[in-house]
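**Q** Single-letter residue listing:
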Amino acid sequence: MKMIQLAARGVRASLGRLVLTTIAIVTGVGFVSGSFILADSLSNTLDALIASDTDTPDAQISLAKLEFGHDDRSIPDTLTAEVEALPEVGEAEAVVTYERLEDFAIVDDDGREIKPGFAGFVVPGVWNGEEQEEGVSIVDGAPPAGIDQVAVSSNYAEKAGLAVGDQLTMNTAVGQRRFELATIIEVADLGRNFYLAFDFPAAQTLFDKEGQVDVIQLTRASGVSTERMVAAVEQILPEQAAVQSFDDLIAELSAGIDGQLTIVRNVLLGFAGIALFVSLFIIYNTFAILVTQRLHQIGMLRAIGATKGQVRVGVIFEAMLVGIFGSLVGVVFGYGIAYGLQFIIERASGFDTSTVIQPRTVVVALIVGLGATTVSALLPSLLAGRVSPVAAMRSEAPSRSSARRRVATGSAVTAVGVVLLTIGLFVGGQGTSALVAELAIGSVLTFVGVALLSALFAGPFVGFVGQAPVLGAGLFGLGLAMPVLMFTIGDGTGGLMFGPKMVVSIVAMVTGASTFITWLRGGRRFGLGGSAGGLAGRLARQNAARSPRRTAATATALTIGIAVVSAFGVVGESLKATQGDVAARAIRADLFVGSDDTTIDGELADRVAALDGVAEVSRIRYNEIRVGDDVEEVAAYEADTGDRLIDFAISVGSVDGLADNGVLVYSDVADDRSLDVGDTVAVEFVDQRTEQLVVAGIFDDNPLEKGWVIDLSVYERHVSGTDDDVVAVSFAEGTDSEALVASVEAIGEQFASPDVLNAAEMTEDVENEANLLIWIVNSLLGLTLFVAFIGVVNTIVLSVIERTREVGLLRAVGMTQRQVKGAIRWESVMVCLFGATLGIGLGVVFAWAAVSAIPDGDIANVAIPYESVLFTVLVAVLAGVVAAVIPARRAAKLDVLDAIATTG
Amino acid sequence: MTTTLQTTTDAPPPPARVEGAAHSIGASKVYGSGDTEVHALRDVSVQFDEGRFTAIMGPSGSGKSTLMQCMAGLDRLSAGETFVGDVALSTLGDKALTELRRDRIGFVFQAFNLIPTLNAAENITLPLDLAGRKPDRDWLEQVVTATDLGDRLDHRPNELSGGQQQRVAVARAMASRPDIVFGDEPTGNLDSRTSAEILAFMRAAVDEFGQTIVMVTHDPVSASYSDHVLFLNDGRIVDEMTNPTADAVLDKIKSLGADR
Numbered sequence: 001m002k003m004i005q006l007a008a009r010g011v012r013a014s015l016g017r018l019v020l021t022t023i024a025i026v027t028g029v030g031f032v033s034g035s036f037i038l039a040d041s042l043s044n045t046l047d048a049l050i051a052s053d054t055d056t057p058d059a060q061i062s063l064a065k066l067e068f069g070h071d072d073r074s075i076p077d078t079l080t081a082e083v084e085a086l087p088e089v090g091e092a093e094a095v096v097t098y099e100r101l102e103d104f105a106i107v108d109d110d111g112r113e114i115k116p117g118f119a120g121f122v123v124p125g126v127w128n129g130e131e132q133e134e135g136v137s138i139v140d141g142a143p144p145a146g147i148d149q150v151a152v153s154s155n156y157a158e159k160a161g162l163a164v165g166d167q168l169t170m171n172t173a174v175g176q177r178r179f180e181l182a183t184i185i186e187v188a189d190l191g192r193n194f195y196l197a198f199d200f201p202a203a204q205t206l207f208d209k210e211g212q213v214d215v216i217q218l219t220r221a222s223g224v225s226t227e228r229m230v231a232a233v234e235q236i237l238p239e240q241a242a243v244q245s246f247d248d249l250i251a252e253l254s255a256g257i258d259g260q261l262t263i264v265r266n267v268l269l270g271f272a273g274i275a276l277f278v279s280l281f282i283i284y285n286t287f288a289i290l291v292t293q294r295l296h297q298i299g300m301l302r303a304i305g306a307t308k309g310q311v312r313v314g315v316i317f318e319a320m321l322v323g324i325f326g327s328l329v330g331v332v333f334g335y336g337i338a339y340g341l342q343f344i345i346e347r348a349s350g351f352d353t354s355t356v357i358q359p360r361t362v363v364v365a366l367i368v369g370l371g372a373t374t375v376s377a378l379l380p381s382l383l384a385g386r387v388s389p390v391a392a393m394r395s396e397a398p399s400r401s402s403a404r405r406r407v408a409t410g411s412a413v414t415a416v417g418v419v420l421l422t423i424g425l426f427v428g429g430q431g432t433s434a435l436v437a438e439l440a441i442g443s444v445l446t447f448v449g450v451a452l453l454s455a456l457f458a459g460p461f462v463g464f465v466g467q468a469p470v471l472g473a474g475l476f477g478l479g480l481a482m483p484v485l486m487f488t489i490g491d492g493t494g495g496l497m498f499g500p501k502m503v504v505s506i507v508a509m510v511t512g513a514s515t516f517i518t519w520l521r522g523g524r525r526f527g528l529g530g531s532a533g534g535l536a537g538r539l540a541r542q543n544a545a546r547s548p549r550r551t552a553a554t555a556t557a558l559t560i561g562i563a564v565v566s567a568f569g570v571v572g573e574s575l576k577a578t579q580g581d582v583a584a585r586a587i588r589a590d591l592f593v594g595s596d597d598t599t600i601d602g603e604l605a606d607r608v609a610a611l612d613g614v615a616e617v618s619r620i621r622y623n624e625i626r627v628g629d630d631v632e633e634v635a636a637y638e639a640d641t642g643d644r645l646i647d648f649a650i651s652v653g654s655v656d657g658l659a660d661n662g663v664l665v666y667s668d669v670a671d672d673r674s675l676d677v678g679d680t681v682a683v684e685f686v687d688q689r690t691e692q693l694v695v696a697g698i699f700d701d702n703p704l705e706k707g708w709v710i711d712l713s714v715y716e717r718h719v720s721g722t723d724d725d726v727v728a729v730s731f732a733e734g735t736d737s738e739a740l741v742a743s744v745e746a747i748g749e750q751f752a753s754p755d756v757l758n759a760a761e762m763t764e765d766v767e768n769e770a771n772l773l774i775w776i777v778n779s780l781l782g783l784t785l786f787v788a789f790i791g792v793v794n795t796i797v798l799s800v801i802e803r804t805r806e807v808g809l810l811r812a813v814g815m816t817q818r819q820v821k822g823a824i825r826w827e828s829v830m831v832c833l834f835g836a837t838l839g840i841g842l843g844v845v846f847a848w849a850a851v852s853a854i855p856d857g858d859i860a861n862v863a864i865p866y867e868s869v870l871f872t873v874l875v876a877v878l879a880g881v882v883a884a885v886i887p888a889r890r891a892a893k894l895d896v897l898d899a900i901a902t903t904g
Numbered sequence: 001m002t003t004t005l006q007t008t009t010d011a012p013p014p015p016a017r018v019e020g021a022a023h024s025i026g027a028s029k030v031y032g033s034g035d036t037e038v039h040a041l042r043d044v045s046v047q048f049d050e051g052r053f054t055a056i057m058g059p060s061g062s063g064k065s066t067l068m069q070c071m072a073g074l075d076r077l078s079a080g081e082t083f084v085g086d087v088a089l090s091t092l093g094d095k096a097l098t099e100l101r102r103d104r105i106g107f108v109f110q111a112f113n114l115i116p117t118l119n120a121a122e123n124i125t126l127p128l129d130l131a132g133r134k135p136d137r138d139w140l141e142q143v144v145t146a147t148d149l150g151d152r153l154d155h156r157p158n159e160l161s162g163g164q165q166q167r168v169a170v171a172r173a174m175a176s177r178p179d180i181v182f183g184d185e186p187t188g189n190l191d192s193r194t195s196a197e198i199l200a201f202m203r204a205a206v207d208e209f210g211q212t213i214v215m216v217t218h219d220p221v222s223a224s225y226s227d228h229v230l231f232l233n234d235g236r237i238v239d240e241m242t243n244p245t246a247d248a249v250l251d252k253i254k255s256l257g258a259d260r
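Residue numbers (this note's numbering), protein chains in the order written: chain F, 1 to 904; chain Z, 1 to 260.
The hints are simulated quantities; they were obtained by calculation from the structure and are not laboratory data. You may find that some hints are simply not true.
Unchecked claim - Once the Cα atoms are required to be at most 20 Å apart in a straight line, the calculated EDC-like pairs of lysine to aspartate or glutamate come out as: (1) F:706 with F:671; (2) F:159 with F:180; (3) F:159 with F:189; (4) F:209 with F:93; (5) F:308 with Z:94; (6) F:308 with Z:103; (7) F:115 with F:99; (8) F:308 with Z:99; (9) F:209 with F:671.
Note that the structure is a prediction, hence the values are computed from the model and not measured.
Working from the sequences, and respecting the hints, build out all of it.
**A** Structure, rendered in structure tokens:
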């Protein structure tokens, strides 16, 4: 009991020293609980939204789901009347909707689309009449009627400056059309969105769904159960349609939403886990330092009869108090994050949202926060147990475990980590959860092992890098390298980071130069200012090297964040390099027409082919097939033109046999299935029919295909519809390609405006996707880097408190405030530099392993993004300077006499 | 009650004696090894009798603190044996040794004496709380009354004067009715008036409660409060004095200094 009370009092007495540690816990736990709260809240909101629709039908007819792949089937609108004629059905209502919200927009006189700002959409719908649609009311005009009339929400009319009776031009799914603004309507819960409505037949046409419906909603006749109605409807449904009771539908929908939210939540939790892992090192450091600061007190407790166990329990309990407090504040913080995000979603979508904290969230947060602090305080508590009672009278640190044991433990832990990582990356045929566990535990162990080992080279590293000429020249060189890299290897724009890159570069050059010059002037003997070249620099170096374990533990927090950042950076760069490389070699077509989220009307290919100067056009369609038990990607090409538009890189066989019931197979797939040219494969299509295809050729890496390629004629035998996914175009020699591109784009505008890209732009597209991914990952890792930064500040602050007496002594014998600040600043820079160097090294190794594990078809070689790596190092230096600001000021302001009088 | 003292630097150790609060036989302590070897204690045999106030004196590095630390079970000997009562300390493991310190020994240090986060009363009962024992109310009452802290018992150490803090420390050392209280320069950080206050308090503890106290000091005035003074030099007991006065002790120290 006494130790618990003592621990509680200890926490109160050390509040100032625990603030930053608490922030670290709060950040990690906040991220964890925020992920839960956000996912729970969104799930709740969407469920409520589905349930809130009071005017719900009893059942609904929609397209039957396929086992795999997709088909261009639809439900004819004539079905509505047929179903309604059944005696079991009371009412049947046809619904058409349009999902690609970016297609619809009013166009102004200059041809620009008028759209809502950030996070808003133009939502097209069907006019069902004021009484049918809850929350819709006419402000002005009469209901829209006919293909050339439209109802517009009042916010849209206002933005476009239109009144009832005005003529307007609008982009639709079937190209640009002229309309008369028939109605201005008020719509509830629109948020930032704009709303459009047409009458039903017009909507069918404008949504490119002539003669079709998406859904038929059914209400049962009185005295008929939903089950009976569903059974009756099933009797007359065409093959492609299915009927489902609304309750089942909602359950399915909710399950789907929850499933997706769970994935999002788990990804967020993964990043939260990294942030928490980093904070472990900070908590460890704090308590290790607190123990050494309280040697006398612990020694006295031992002398007057506290057992080792009691002393250990005291440390652990103190950590637990901090953990509980940090976790509770973390939950509040997480609630704040989730609430903020929800507020944005609510403003953007117009949905009513509520923030949900489940008891589970609080329990998980407490377990995670408490677990993290307890685990990290374990080692410091053992250290406290080793404090001898004589420490109450002498100034002696408890003995630490020996360096040899540390090397042995570190090497063993690292080895186990690396083995797990290797198994995870290179042994195939494992379940996802096993894989994730192997990779997660493997990286955690690797980091812990490296942290243990890194204490060994923290001293030598700081000893070398911390020397004024090395640091000065090094910083100047790194700073100079930045613009050189940007304008030689890079494109000179620095991506989005031009400004920040230049700033860190200039800061590094100036600091490096001044340090170097100070050293040249002989500043190493008498410190001038706060430069690393002076006495201050020497003290900083010695301090950083004095407790290499602390330096290593602090740096490790940074190392982890930077390792993950650079690993993603290197993988992304490698992906970009590989894709660009292959694309440059293999693309023969001049243009690709396609869109990420819709298919292209088959007429587009015909009209492009008819253009003067177009030599060849190939339609490409994608779908899924089943081979054996596996569902695989298939691409359909026109056999006579396909290989002239891209180089399939055929290694065995040829494309010649493709038209004749042939199939091309990617070499990896062929290896897996031991297929050779001439073999026959049974392939099942979406229509559930199986066909025997003959392997005509086996291909290697090419920019488009990685699976199976068949001829379009074979494809069309099994899949209905005439839409293409991609249309590849090549120009005749000597044509004006710019004019041709414009013509192709003009045709495209009449067909839902697909992207029109040349080979270089295709590559860029891939690069942009990779960049976006890297950007998202880096943003999510931002919190980890923040925690690591807090860790550096924390360690430096605590070291300053610990060295109060020493600082006082230095000040008493004539060290200036500037020199004190300089010494602390340079120590911080060295810790950060060590962490960054180690992090980049580990990151590159991780990335190299990952790239080796990824099939060559996707990523072949490791490419290092030198610019970002350099940027990371320079930012780490800058972070070191910033981290030292508060502790340096604190040390400089110490009252000299008080500092010397301090006994503890 | 008689004070029995053995100073055996060269003679063979006498037979073990179990009377007395604590005693040592041939105690030796060596720090370091090889060239850096330091002999802090050389074959010291000594006995502290019950109900007496003993002072250990000697110049810096004479081994006086080491002797006290080893006698009190804070540190371990290189050779020889120390006893508290009839318990040989070298036979005890860390846990047993801790419990012995907790239950049978009290400590007063020069500084870092009190837990800053506990108030005076809590500091006094700390050893009992650590042991999970109920205090002997009457005894505690007597000890607390003797500290004369009155209404300051609920104050934190930083709200007390140096003398008050040290009185709390002595009271804490006595709270569990230990067989013996060790003091490591308990007045070393105090001015002469406050020192006198503490020494008088310790003297009273011996006279009124029969407490055994052993105190390391370098101050002749402090030593004059004791019943008996041991003089250490170079790890050996070189002299002793009963019913000392400050002047006599000072003269003895001067003569010891001249010997060197």
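**Q** Look at each hint and say if it fits the structure.
**A** Now the hints, each set against the structure:
1. F:706 with F:671: Holds, at about 13 Å.
2. F:159 with F:180: Given pair residue 159 (chain F), residue 180 (chain F) holds - Cα atoms ~17 Å apart, limit 20 Å.
3. F:159 with F:189: Since the Cα atoms of residue 159 (chain F) and residue 189 (chain F) sit roughly 18 Å apart, the hinted pair holds (cutoff 20 Å).
4. F:209 with F:93: 16 Å, holds
5. F:308 with Z:94: Holds, at roughly 8 Å.
6. F:308 with Z:103: 16 Å, holds
7. F:115 with F:99: 16 Å, holds
8. F:308 with Z:99: Holds: residue 308 (chain F) and residue 99 (chain Z) sit about 11 Å apart, inside 20 Å.
9. F:209 with F:671: 43 Å, violated
Comparing the model with each numbered hint stated earlier shows that hint 9 is the single one that does not hold.
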